[in-house]
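Peer 1: Listed below are the residues making up each chain.
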Amino acid sequence: MSGAGAPPRAEGATPKIRLRGLAKSFGPKLVLDGVDLDIRAGHSMVILGGSGSGKSVTIKCILGLITPDAGTIEIDGRDLSKLTRREREAVNDRIGMLFQNGALFDSLPVWENVCFKLLAQNRITRRAARDKAAEVLAQVGLAASVGDLYPSELSGGMQKRVGLARAIAAEPDIIFFDEPTTGLDPIMGAVIDGLIVDCVKRLGATAVSITHDMASARRIGDDAAMIHRGRIVWTGAAATLGETGNAMVDQFARGEREGPIQMELRK
Amino acid sequence: MDRALDLTAALGRAAIATLRGTGAIALFAVEAISHLFRPPFYGRLFLRAFIEIAWFSLPVVALTAVFTGMVLALQSYTGFARFNAEGAVANVVVLSITRELGPVLAGLMVAGRIGAAFAAEIGTMRVTDQIDALNTLSTNPMKYLVAPRLLAGTIAMPLLVVIADILGVMGGWLIGTQQLGFASGAYLKATFDFLQAWDVISGLIKAAVFGFVVTLMGCWCGYTSGGGAQGVGRATTSAVVSSSILILALDYVLTAMMFTR
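So the protein sequences, as listed, match chains S and A. Numbering-wise (the working numbering), the first sequence opens with residue 1 and increments by one. Numbering-wise (the working numbering), the second sequence opens with residue 1 and increments by one.
Hints are computed from structural coordinates only; laboratory data are not their basis. These numbers were taken from a predicted model, which means no experiment stands behind them. For every residue, glycine included, the Cβ atom is placed at its ideal position computed from N, Cα and C. Do not rely on the hints blindly, as some may be mistaken.
Taking beta-carbon pairs under 7 Å as the criterion, some of the chain A residues facing chain S (in silico) [as the list claims (entries may be wrong)]:
(1) E31
(2) S34
(3) H35
(4) Q75
(5) T78
(6) N91
(7) D132
(8) L137
(9) P141
List of simulated lysine to aspartate or glutamate pairs, DMTMM-like, C-alpha gap at most 25 Å [said to hold, decoys possible]:
(10) K60(S) <-> E31(A)
(11) K201(S) <-> D131(S)
(12) K82(S) <-> D132(A)
(13) K82(S) <-> E52(A)
(14) K29(S) <-> D132(A)
(15) K60(S) <-> D132(A)
Sample of chain A residues at the chain S side, in silico, Cβ under 10 Å [stated by the list, open to error]:
(16) E121
(17) A133
(18) S138
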């Protein structure tokens, strides 16, 4: 286990994702203040942190949705900032993402949402996409008939499962999960976590999840990292959350009001 | 003195913001146009946007054109009667409709319908992370969302205006023959005798420009919206207001370019 501030060691091999000194500000607000993190290939990393701590901005930087002000992002040892647009697109082709609210395309039926990437890249015909969607929907526990519905006709849990199906349909190497259980009841949360673990294992993918749900973090994570005020303050095994010996992580994991993390409340 | 400086600073800030905004919209347009020439092409999305603009805007544009032609015939008749020039009603109706009112009124109607719809749809996609999702699914949002709509708007508007021209002239003919006492054949002869191809073509060029502007502003306002439901509402209003003003301003510029010797 690594200590405060130090990135986890990648046990010899090059980490799948390596962040060094990642910094990002929005106007005067410093959101990322030098994030250092290694994510091991084939492992599931959970990034914990409170609201506004910089979790989402970190993964948006990795995905290329936000350009960092400073620092490097490496995937398989390649610095993303030095890639050409085409090389960057090739890297993105190997990435899947489950958004917090699903971010399903309202104007498309579920089957087209699930196979969107395959259709966009002409890797599959529309006829074959329907069969492929049914196959992937089955992997997340949904009937093939769901494929003909539109996202607005689905419950929150079903939308998450369709989002998961869309994330895994193109069989990516790396999958990001943004708050996968937020807004779900505990049982549905556990179901989604189980599906995430199964899908990631089946694909042999590297998973990066951001969450503030401790139960979910323990279920889906091999490794965990805590981000606070734009810096990684702890990394270690997800199984030890709550008993890490790090006051910040333990306070966060137990949901305690008193401790080193003070909420900025206006009096 | 301080007040004068404050006022100057405020004017300067507004001028810089306007220039920055204009530059950003121009770059947005250039990027969208460049995607029209680079594969992959989304023909299905173009077709969907084309049907939305051309077919579903047809009723409102048609009604506007018919009533405008009718009013124009009535007004010009009563006005021209003061100096015994009632015979010019057919010419005034056809020239006004083809050169000005057809493209401008169709443009304003489409700005209200399509500009608002595009801004709301793309704005909602922005605030619900659907545009980010497109990026993660190896799809360029400009190519997928903006380029097909711009092309569809630029092609569909002239077609709508051809129909608006025909219906506007028909509206004038209806009032001319049924209420003002013109003979049908004489009215139509007067209409076509003085009509030149350039009168129609200039209107269609204007229509293409207005179609481009309406779809561009709808896409731009939606694409750059933020701040949840309120942000989407603001984007929708901005799309309609900005494209309407641009239509009127560009109408003057285009008229000056095409008809001033």
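Peer 1: Compare the structure with the hints numbered earlier in the document and write down the numbers of the violated ones, lowest to highest.
Peer 2: 1, 2, 3, 4, 5, 6, 9 and 13
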